[in-house]
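Asks: Okay, here's what each chain looks like letter by letter:
Protein chains: 2
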Amino acid sequence: MHQKAAQLGKLALRMTTKAGSGHPSSALSLAHLVSHLMYRQMRFDPRNPWHPTADRLVLSEGHAVPIIYAAYADLGGCVGSDRDDAAQLTPAEVDQLRARDSVLDGHPNPAEGFPFFDAATGSLGQGLSVAAGLALAARLDGSSRRVYVLIGDGEAREGQIWEAADFVVDHGLTNVCAVFNANGEGQAGDVSPQQSAECLAAKLAAFGWEVAEIDGHDPGAIKSAFGLVGKTGRPLAIVARTVKGWGAKDLLTGNWHGKPVPEEKLAEAEALLDQAASADVDGDRLDGPPTPPVAASPKRVDPHSVQWPTFAAALEDAGLGAALEKGKIATRRAYGAALKVAGDLLPQVVALDGDVSNSTFANIFAKAHPERFFECKIAEQNMVSTAAGLSAAGFIPFVNSFAKFISRACDQVEMASISRANLKIVGSHAGISLAADGPSQMGLLDVAFFHAFSSVRGDDRESPLCWFFHPADAVAAYHCTRLMVTLPGMCYMRTHRPDVPLLYEPEMAFEPGGFHVLASGEDLALIAAGYTVLTARAAAAALAKQNIRATVVDAYSLPINAEPLVETLQRAGGRALVVEDNYGGGLGSAVAEIGARTAGLCVETLRCQRIPKSTRSVEEIMDYCGVGAQQIADHATALLARRR
Amino acid sequence: MHQKAAQLGKLALRMTTKAGSGHPSSALSLAHLVSHLMYRQMRFDPRNPWHPTADRLVLSEGHAVPIIYAAYADLGGCVGSDRDDAAQLTPAEVDQLRARDSVLDGHPNPAEGFPFFDAATGSLGQGLSVAAGLALAARLDGSSRRVYVLIGDGEAREGQIWEAADFVVDHGLTNVCAVFNANGEGQAGDVSPQQSAECLAAKLAAFGWEVAEIDGHDPGAIKSAFGLVGKTGRPLAIVARTVKGWGAKDLLTGNWHGKPVPEEKLAEAEALLDQAASADVDGDRLDGPPTPPVAASPKRVDPHSVQWPTFAAALEDAGLGAALEKGKIATRRAYGAALKVAGDLLPQVVALDGDVSNSTFANIFAKAHPERFFECKIAEQNMVSTAAGLSAAGFIPFVNSFAKFISRACDQVEMASISRANLKIVGSHAGISLAADGPSQMGLLDVAFFHAFSSVRGDDRESPLCWFFHPADAVAAYHCTRLMVTLPGMCYMRTHRPDVPLLYEPEMAFEPGGFHVLASGEDLALIAAGYTVLTARAAAAALAKQNIRATVVDAYSLPINAEPLVETLQRAGGRALVVEDNYGGGLGSAVAEIGARTAGLCVETLRCQRIPKSTRSVEEIMDYCGVGAQQIADHATALLARRR
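Top line first, the protein sequences correspond to chains A and B. So for the first sequence, numbering that gives the first Met the number 0 puts the first residue at 0; every next one is plus one. So for the second sequence, numbering that gives the first Met the number 0 puts the first residue at 0; every next one is plus one.
Honestly, I wouldn't trust all of these hints.
Same chains, same label: a pair holds when it works inside one copy or across any pair of copies.
Calculated cross-link-like contacts (lysine-lysine; reagent style DSSO-like; alpha-carbon spacing at most 30 Å) [to be verified]: (1) K258 with K366; (2) K366 with K230; (3) K258 with K327; (4) K230 with K298.
These aren't lab readings, by the way, just hints derived from the structure by calculation.
Next comes chain A alone, as it looks inside the complex (with noise of 0.2 Å):
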């Protein structure tokens, strides 16, 4: 094993040369765990990563991947973006590791071409989270496989990691075997005491683990702790002592995290990794690993093939009928049942929570469906990228929680977009109007975030890295969740609090980018997405005693089609005033962005104006924001003064 550690040591060493940047150090201390785990453990097949059952790996710490791509290509590897497109990795693209070209991105980047990863890893303390997905999925497919995660020892600092370690213990994920790299070096100084191998072990045992603390490069330790997996009852923890830059440390000594050995010192290098090699007297060859099993069938229906029920219909199964009677339904109840038609008609959609499913009403999911519901407690990190992992097994998995919560996640999030995940996540009691809880639970920048990603485009070039849904009523909230599950990619949905009336009759159309004219006038138009659509339709009944006449529009989706709006807007005198319950960079910004870029119209916004407060009432609150109807009267008509 020795050997073949230095082999691709040395590989992972003259890749990160070529690439002037890299962490062949990191590479270096994973050299002999990687060896025994695809050359030895993992049952897969290196010419077809898409294997449906095949054992898979986590990178968690993403920056010692030159190793991992090291072994890929000695292996004869394949990459591409799918089967059809498959081709052998070869050593020339090994040099090729960082190039503009290159399959071998930085960091882990299966989305890049390189399929033997299921997510983007690198920001850290997010892969166990990811394995922890990828083995429920594995159950629920009924397949064997087994999820290997590679974890460093720093980054175990990250809370997520023990969100995860919970949520595995929780669901007994047995087939997840999560390894510590303990090299106790960090980037800037030495890993703390916190993170050591016996402070690690202790940890994970007391989080409910089995663990095994051993010497990452000693071969017989590997083999034997390895050996446990699956053996019991009990998810297999592997605290592996190691040493950062194996085999050429001495080379490697001081502030070498994150720098490649220069090219003139690299021939050095080689051949102190040729003098670790030759300490191989176990005589153990590795040529490859396992075959992986025999493929299940994971059932999987094309979400367009379905015929959803009506509007009412599903609202009368999710218990809501007498609701629906009395016309006042929040967003939230009527996304709830909507996802459980879209459960009942996909199995492969599921549904992830974190303890508020009673307040975002994915209860009604878990109830029809609680083999697919995953209760993932207080721990919004972890429940974001499990969910990345049932993506990238091929679920739709929504995740739900209040607004603000979510952003809890934000940079999973963001690495779950770079691994273009399907991931579907339904922000509820958002904006101001939940009112008498006060600032803490509520999402204000939800909408600039999520503006964010909708303002860039995807791989197909057309459509956006995320749709963003935001339902003013019931109808809106049920047809908005059916697009969601068609739409391929990231999509984000903004639900609120209150009952609300219904505006839609139930077989109103929707589309992703759409908007709805509620009302037509010709002095300026009131624009407002979710709860204000309520609140602007107030103010234009406020401006009509005055006899002004506002076109009333409901931007319930960005990015927003932009000609339509610029005609509707030049039908309602070129003048706009956005109405918007969060704080800047959203609606208003999307709404402005195409009035400044076309002669004649005039944009303005008028948004919540302070960090808000509790107040007992909705109305309070959106007064004391400065965005109640009268409010937005006033604005209105001092704009068209200005503007007429």
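Please arrange chain B on chain A, whose structure you already have, making use of the hints.
Replies: Below, chain B without anything else, positioned relative to chain A:
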């Protein structure tokens, strides 16, 4: 103690019933612990919650706040925005819980006039980090202050709790005492066995804490557990088994989380609590807390009173003389030099970093002021909330990491904004100019996020909630750092990896919201910030060859001063092209909002067009993402063709 617990419990029940919302059952589970803490354990003066060395209480599970309000009102505690404005809380005000004009917000919120608290809580899992910040501050101030923190069992699932647990041990903060309220019931269901009292105790022990596991309604057990504070040389965790809805549990059965007792059942609930009180046999009268220790005198210097060295002197002093001579210095490096100067001049400046101080260059500060530098390791959420705690104690914390990793703590940043924390956040390696490391390390959404904050007004209704700085060269980075030190409230600065030439004379003036015109031309304006200023200048040079005269604007701060910008754009033919190396919702949106409300201006934006990947050079990645110099020039030419 049962009597006091019941008395406070009744008050908590009544105020939530009056408010029509709130979490009385969580509040009741804390009745005894809060009685002991606020009447016997904590050394504080209810009449002076601003006392600089009094013990502090952080309520991490913010939704349980009614029990604190009850005790504080019973003790005649003072509320208000400062000592001049102080007034004793009256029983009538308690009934105003969650009302628009009440200081008693739905969740702890010092900024609304409840100075007993140091930080807004309610988004869960953040309190232990805030407590750590307060404890660090006490140590720096030479104060014997102790910091108590109440943590829910459900929220102990948040990874941040475990980041903080590590941090407290790493820094030997034995002046922190964490109390876990293990009532076993969450919102949507039971708390996981992973957060049971036993499991929490085992985890805390593995994390290196002294642990006492007790019955949280047993007065004797409570007394003896708290007797261990400061006695064992390790931070103390008390894991208390409690009963959700204590004293009235039979009434509050089922799905009670977040629901008040209906008005008609209040008498019954109160009667149950009276019955619970009658179990009081210890005869232990709880009258009021011990007085706080004699005040230390924290060292603070008025940031406006100090004289900064010249740019050249500061860089020389930081060992950057050679770089200065070469004339190429990364903005992150100049920031490091400036941060060190801030530390030289002001004893209240502190810095935190997450194992990347040799990349953010916070290590220049660390070397000069080791006692005021806090290595947080790879745990960004804890870092931000710890900084919020330091800020609450009067320090000026600079938080350092890659811009990408700051996004790990978006929710914590927002909570700090609700606390009105004086937080200075610096995100390095922002944008796509990081090139080789790929998208997992690039800050692409930070501009949208902090622009959203900058779009809202602070409490003075004049300045924004957050000032945003984005320097294009080392001189700008130096002076923007100085501005951040002087400006009250949250500031964000975005720095880049590459070395860049000096654009400015050393004593160039910079101001919040300012911008600089680097070149004047009447055909159109190119507006850029940070690294893209260089690209925009190259594009202007390319345009000059086509006889197109471009104005080049360095928009180094948001919210940008609108009037002078409009004048500048009008002089540039009324046409502007904004260039960004990140996703949407940022500078382009900010300028578009100004353009859209001003007649005769046309604004377009060219921003990062797709998810980046690794490339070996900055030029390649700018081109790959569609924002290379030639692409900017081409876009400008097309814009002119359309709009001339």
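Asks: Decide, hint by hint, whether the structure agrees.
Replies: Verification of the supplied hints:
Taking the shortest Cα distances, K258 and K366 sit within 30 Å of each other only across copies (22 Å), while inside one copy they are farther apart (52 Å). With identical chains, the CA atoms of K366 and K230 are never at most 30 Å apart, being 33 Å at best within one copy and 50 Å at best between copies. Within a single copy, K258 and K327 get their C-alpha atoms only as close as 61 Å, which misses the 30 Å cut-off; across copies the closest is 21 Å, which meets it. Only within a single protomer do K230 and K298 lie at most 30 Å apart by alpha-carbon distance; the minimum there is 28 Å, versus 60 Å between protomers.
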